[in-house]
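Chains Y and R supply the protein sequences, listed in that same order.
The numbering of the first sequence is the working numbering, which starts it at 1 and goes up by one.
The numbering of the second sequence is the working numbering, which starts it at 524 and goes up by one.
Among the clues, some could well be false.
Unchecked claim - Listed next, with one range per pair, are the computed distances between beta-carbon atoms:
1. R/M584 to Y/P74: 57 to 65 Å
2. R/R700 to Y/S290: 32 to 40 Å
3. Y/S37 to R/R770: 37 to 45 Å
4. Y/Y483 to R/A560: 26 to 34 Å
5. R/I665 to Y/S290: 34 to 42 Å
6. Y/S425 to R/K526: 34 to 42 Å
7. Y/S26 to R/T739: 43 to 51 Å
8. Y/K270 to R/A560: 52 to 60 Å
9. Y/N97 to R/A560: 52 to 60 Å
10. R/A560 to Y/D247: 49 to 57 Å
11. Y/S290 to R/A560: 40 to 48 Å
12. Y/K111 to R/R700: 57 to 65 Å
Keep in mind the hints are simulated off the structure, nothing from the lab.
Quick caveat, the model's predicted, so the values are computed rather than measured.
Glycine included, every Cβ here is placed at the ideal spot set by N, Cα and C.
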Amino acid sequence: MEDLKEKMEPSAEVTENTNAAEESYSLSDDRRVKVLSPGQLVAKRFFRNRLAVTGMVILLAMFIFSFIGGLVSPYGQDEKFYRTDVQAKDFAGIVYNEEFRYTVNDPDLFKSSVHAQTLKAIILGNDKFEYNGINYELEKLSDDAFIVKSGGKVIGTASKELVNSSTQDKLSFDFSLEALKAKTEGENKFNADGKEYTIDGDGVITDKAGTEIAYVSRYIVRAVMADIFFSRELKNQLIDAVESGQDSFEYTDEKGVTAEYKLSYDADNKAWDVKQEIDTKVFDTYSAPSKKHWLGTDRNGMDMLTRLMYGGRISLIIGFIAVFIETIIGVILGGIAGYFGGWIDGLIMRIVDIFYCIPGMPFIIIVGAAMDAANLPSLTRMIYLMLILGVLGWAGVARLVRGQILSLREQEFMTATEACGIAPSRRIFRHLIPNVMPQLIVYMTMGLGSMIITEATLSFLGLGVRFPFASWGNIINDVNDTYVLTNYWFIWIPAGVLLLTTVLAFNIVGDGLRDAFDPKMKR
Amino acid sequence: MRKYIIKRLLQSIVILFFVAFIIYALMRCLPTSYVEAMARQKSMQPGSKSYEEWMEQLTVMYNMDGSIVSGFFRWLGSMLRGDFGDSWRWTVPVLKKFNDTVWLSFVMGLISFIFEVLIAIPLGIIAATKQYSKTDYTISVIALAGISLPTFFFASLLKLVFSVKLGWFDLYGLVGRNYDQLSTFGQLLDKGHHLVLPIITLVVISMGGLMRYTRTNMLEVLNADYIRTARAKGLSEKKVIYHHAFRNTLIPIVTLLGGTLPSLFSGALITETLFGIPGIGFASYYSMIAGDIPFSMFFMVFTAILTLLGNLIADVLYAVVDPRVRIA
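Could you put together the complete structure from these sequences and hints?
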């Protein structure tokens, strides 16, 4: 379609003016035709190429996305997001005590070897036994509680009921003994250490002032970590849960932290495991796309879309500056070589050969590794990266400019400038370079695309742009982790698509520009 | 012709000398060199000498004493005697490591080169003969997309689709888990199976350029006078295109392809690294990261030689294929 229309149009240089008001001019009248400047012609040819215009629109969209998007986005480039996550951690173990536990008053007499003898005597139903030549007596309080004496003196207790402190203070032996006695005998008052205490049916022991001191229970609640302290209330809750067969409950401790406790019975150890599920603030990493984060969040809990915008900015800026550097060096050296010729040309072209010959990618990888080792700050790194990319690329520009100038300087208009006595620098930069501009612009546009790819590849390998800066390459870098590759498409596919589209758009526009600049070629 | 080649070869030697020097200087400037890392590691061992002592000993051992210039000439001297030293990263002689890895890269490169040619040239010609048609636009966009596609992104996509979702291929490596239990033929097949994705990557990434080049040249040829003559004679369009035009298009294409032949040996650095294919690109990437001077130097100089050789071949071929071209 498009080509047909173009073929039918008579000439691109002169367009017939069909304005009705001017139809009165005679056929040979100059005013009848509208003369376009070369620039307008190029623009006209360019905009006729639909593909190139599409590319241009894409590029424009990318620029808006990258440069304005960052301003519009409500989030910052390295703003981290948090989410509350329920983390279950091992909290406690609860055992219903089925064994005799011992409290010791006299450690010399009531040693662990005596504990075993005591147990033996209890099982056999003896009320006294002899061990190592010492006589011991057992005083039975109930089936599950005994007082161990030696020579009439109480040396310890053996009991399945346990006296636990409700505070963080240790209990004296006397207190434990009296509490145990009171509990087994069903009394509600006892005296220990010269003070009076009351004990209720649940085994809770309070002092005269009514504050809880201790409690007697057959459940042992053991903390998993040494720094966990159970309040009596929590213990009660736990024991209630165990007794009633609940498997979870909520509890708010004195600091106001609410946590859910989950109980599970472990038949092997005959114990209940308690897990505390507490809300913890963590980085919102790899969260899926949502209303708040349209493209999810990345490894560091940063908004992906915002990262992409800033990443585009950096990728484009690096591309532009690097291409700018290579063009400046290339035009100056290529211009000098082409214009002067002779040994200057020979020298510069050998330098060009050398730069052409340096394997670019390996070279930059080594530099990247070097920058890694030197621990350069991210910004310095980026500046070096641009410089190196630019310096490595100038040889191509120099060749292009020199080749063009070699043919241009033989043309008549150059002889004319010489005849007019214009200074060489002016001749090069005012008369030759502008004539190289078309090829140069095409080269630069295409070069931008490949520069962006090179930068992205380096960043992908972890040798280019570094955190906290984003670039499309280092965003995709996460894909090196196979888990991310498999599970989090939103981390790397959008960046890749943006990268591909941008580079493609640069190439299409470059292509369109070449066609527009070079009318001889076709159309 | 012979004079021209000799002249070019002599020029190449001078260029190589400078390239090698620049690379050597760069490698020596690495702030944390391999030697330092090694010394630090050794001095960490219990009952070891101090870091400084190790440093002193290792510097001499690895020929790192002396200035960059003297170091370079020492490297040059031993290189000219055919001694490339031992790779530090791989702890085998450089030439052995090279020989172990280069053939894999070559095979991979050659296969993808063949596919590239088989796909790109016909498509380029079709695009040119149907200029401005839908086919032409499609092919042009595909070609541009191939050029614009970042290797690592395309490789990751392939991995996601074919390795993760479909499970047809492994994510990394050249051989499968049960490689050792396979017969010789089975081993060959296993390797081939692992090379499929890397080769697809290489073909797709590289064919765009050739496609465009073919299209441009074919268009140029189709505008030439002798094509008009052929058409005027009343030859069939098929004969005009495949007999007259195609042969002439081949001139620049053969030149280009001849020029790329040497680069088949230089491996595919990014692709091999991404797919964990232990070719020359893979080996050199890890050498460069580790600051392994002998192997990196060898690889980079080797690549530079291949580039020069490619240019020379292209120029010579140009004159050989096209009798109108004279070179002096």
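Hint-by-hint comparison with the structure:
Separated by about 58 Å at the C-beta atoms, R/M584 and Y/P74 satisfy the suggested range of 57 to 65 Å. A beta carbon spacing of about 39 Å between R/R700 and Y/S290 agrees with the range 32 to 40 Å that was offered as a hint. At roughly 42 Å, the beta carbons of Y/S37 and R/R770 sit within the given window of 37 to 45 Å. Roughly 29 Å separates the CB atoms of Y/Y483 and R/A560, a value that falls within the hinted 26 to 34 Å.
A C-beta distance of roughly 35 Å is found between R/I665 and Y/S290, which places it inside the suggested range of 34 to 42 Å. The hinted window of 34 to 42 Å between Y/S425 and R/K526 holds, with their beta carbons roughly 38 Å apart. Range check, Y/S26 to R/T739: Cβ separation about 44 Å, and the 43 to 51 Å hint holds. For the hinted restraint 52 to 60 Å between Y/K270 and R/A560, the CB-CB distance of approximately 55 Å keeps it satisfied.
For Y/N97 and R/A560, the Cβ-Cβ distance of about 59 Å falls inside the hinted range of 52 to 60 Å, so the restraint holds. At roughly 54 Å, the beta carbons of R/A560 and Y/D247 sit within the given window of 49 to 57 Å. Between Y/S290 and R/A560 the CB atoms are about 44 Å apart, so this pair conforms to the stated range of 40 to 48 Å. Hint check: Y/K111 to R/R700, Cβ distance near 59 Å, so the stated range 57 to 65 Å holds.
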